[in-house]
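There are 2 protein chains.
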Amino acid sequence: MARQTLSQLLENMGSGSAVALARLMTLVEREGREVGRILEAIAPQLGHAFTIGVTGPPGAGKSSLVDGLTTLMRAAHKTVGVVAIDPSSPFSGGALLGDRIRMGQHYLDKGVFIRSMATRGSHGGLARATLDVMKLLDAFRCDYVLVETVGVGQTELDVMRATDTVIVTLVPEAGDSVQVMKAGLMEIADIFVVNKADRDGAQRMMTDLSLMLELKYSNRPAGQTAAPQWKIPVLATQAINNVGLPELFEALESHHQFLADGGELERRRTTRRQEELLARVEYAVRRRLTDQLELDPALARLFEEVGAGRLDPHSASEQVLRSEFLKNGGEL
Amino acid sequence: MARQTLSQLLENMGSGSAVALARLMTLVEREGREVGRILEAIAPQLGHAFTIGVTGPPGAGKSSLVDGLTTLMRAAHKTVGVVAIDPSSPFSGGALLGDRIRMGQHYLDKGVFIRSMATRGSHGGLARATLDVMKLLDAFRCDYVLVETVGVGQTELDVMRATDTVIVTLVPEAGDSVQVMKAGLMEIADIFVVNKADRDGAQRMMTDLSLMLELKYSNRPAGQTAAPQWKIPVLATQAINNVGLPELFEALESHHQFLADGGELERRRTTRRQEELLARVEYAVRRRLTDQLELDPALARLFEEVGAGRLDPHSASEQVLRSEFLKNGGEL
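These protein sequences, in sequence, are chains A and B. Position 5 of the first sequence, counted from 1, bears residue number 5 in my numbering, the numbering being contiguous throughout. Position 128 of the second sequence, counted from 1, bears residue number 128 in my numbering, the numbering being contiguous throughout.
Next comes chain A alone, as it looks inside the complex:
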């Protein structure tokens, strides 16, 4: 893409063009060489949006929850960006379509921008692209950016860690309370939601979660209790019947306020930006090496030796770091 066209796109997005925004999203999703220039250009505009992650097992009603929250946010005259991370299996088209159709009422609303991330990139590609898409929505002046993920793989955890507030959504099925512990959801939740709360076992589930949280608080080292602590709420909702959503919206606002008051919001964002730098260096190094592989016979030989098992990967990695391979690469 010519530099001029990219500048034009950025300018158009700046003037509120959703078409330009969508095209820029496609560019960052493809991880092409324009990504650097896009991120550099939007950097001064970042930090406005309050970002919210919604995660939980499949079938927990996350899409309905996001849908309902979007309606409430729009009623409060706020603009909303929604990013949904969908599994890329070619078999799952049907279910996904169903989810998206439910968001249909918002498609005609210019104050809402919805993006499904369809590609399952390797080596953190999906997480990286999702973070960049969230930044574009932030630069587009969305007041809220909601990102919805399924499960708790590394990609999902990486994305959740990049949000200001994480909502973990569960359903009152038996066994879920055990799974929440195992999956490490406990560590990332700022708000718990028991959705489909009209089903059997909802009360039991909420009690279980509250007890686990008590246990978590009581295990905290005494020294840490001096700072004000966020008390993770456990909320009951029936997203498709619009029950409990105003309370959830309130809890979100409270958490945002809590983060802002104590300076925790800025601390989290600082850590996040520095972590992103490390991740980008890692990725650039990988990319540079794989590019160099075709140009540099010495590096190609090293890879061959490792591939054949004649040189162990650890020793080879030290050779790479001592060498000029990383420096010789062209512009990334």
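No wet-lab data here; the hints were simulated from the structure. Keep in mind that this is a model prediction, so the values were computed, not measured.
Beta-carbon label-pair distances, calculated as ranges:
| no. | chain 1 | residue 1 | chain 2 | residue 2 | range |
| --- | --- | --- | --- | --- | --- |
| 1 | B | Q229 | A | T270 | 50 to 58 Å |
| 2 | A | P246 | B | P246 | 54 to 62 Å |
| 3 | A | S210 | B | R30 | 34 to 42 Å |
| 4 | B | S210 | A | E187 | 35 to 43 Å |
| 5 | B | D261 | A | E266 | 56 to 64 Å |
| 6 | B | E247 | A | I240 | 42 to 50 Å |
| 7 | B | D261 | A | I240 | 49 to 57 Å |
According to the in silico footprint, chain B covers these stretches of chain A (three or more CB under 8 Å from chain B):
| no. | region |
| --- | --- |
| 8 | 30-44 |
| 9 | 263-274 |
| 10 | 282-290 |
| 11 | 308-315 |
The beta-carbon is built from N, C-alpha and C at its ideal position, and this holds for glycine as well.
Given the coordinates of chain A, assemble chain B onto it according to the supplied hints.
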């Protein structure tokens, strides 16, 4: 640790000391500076073991399956290494203990070595440590190395990709057949097992899986069908009653034979070793940068600028790569 002690440990492991093996595992799990020397030392001994990954949702009976396979492998006079990746939640101690106790019959058997990976490392730490532990078991001359993981997060996928054969274990509960697609298990399975096959819905589940596999085969580009293809079997087991396990063991042997005959085993292992090199370079770069941060004021300033949001992470990563930061680091 003094160099001599490490050499001694390596020598003792070479002479069959399980105590030395366990201590070396602890060292690689801690990711200390000895890891390089350990991997270098064992490199010439690698490639003997046939590695098998067992994955699936929580409660699918993976531990019983691994237990039963171990018994069969021992009956065939083979030595076995077992690596179990357990979630690190402090709350899940009870369930884990239960799983491990079931393997109890093998604890006194010198032909079986069992290791639970308890730490959930960040930045691929758990996957890296698991791969290294598998290598130690290989160097210890285990004929089979079984590695058991829960779910399909990035760590689990990384570990499964590092094995020769992947068994995906499911149970005949409704909804599982949808989840298998979503979770991307389809892409990694060499053998499907429907465990607890005496339960309702087992036959339905097996039919579903077979149909999905048919669909997968029929979607293959025509050009790819020239090479011999592995036909992924769908097997029924009741691991705790020892039903179907001999057939599973046979399927494992067939797959191993298939891989060896077509040269696919060596191709997979070659790719794997080269991928490991890339991952190790990435990790070494991250570690070098974080170490340098305390020593180099210019790098510290760069991180500060990024943290404060005054410099975007992408531009900063280009500065890092153009700089001497990566070269200045001491020995890793």
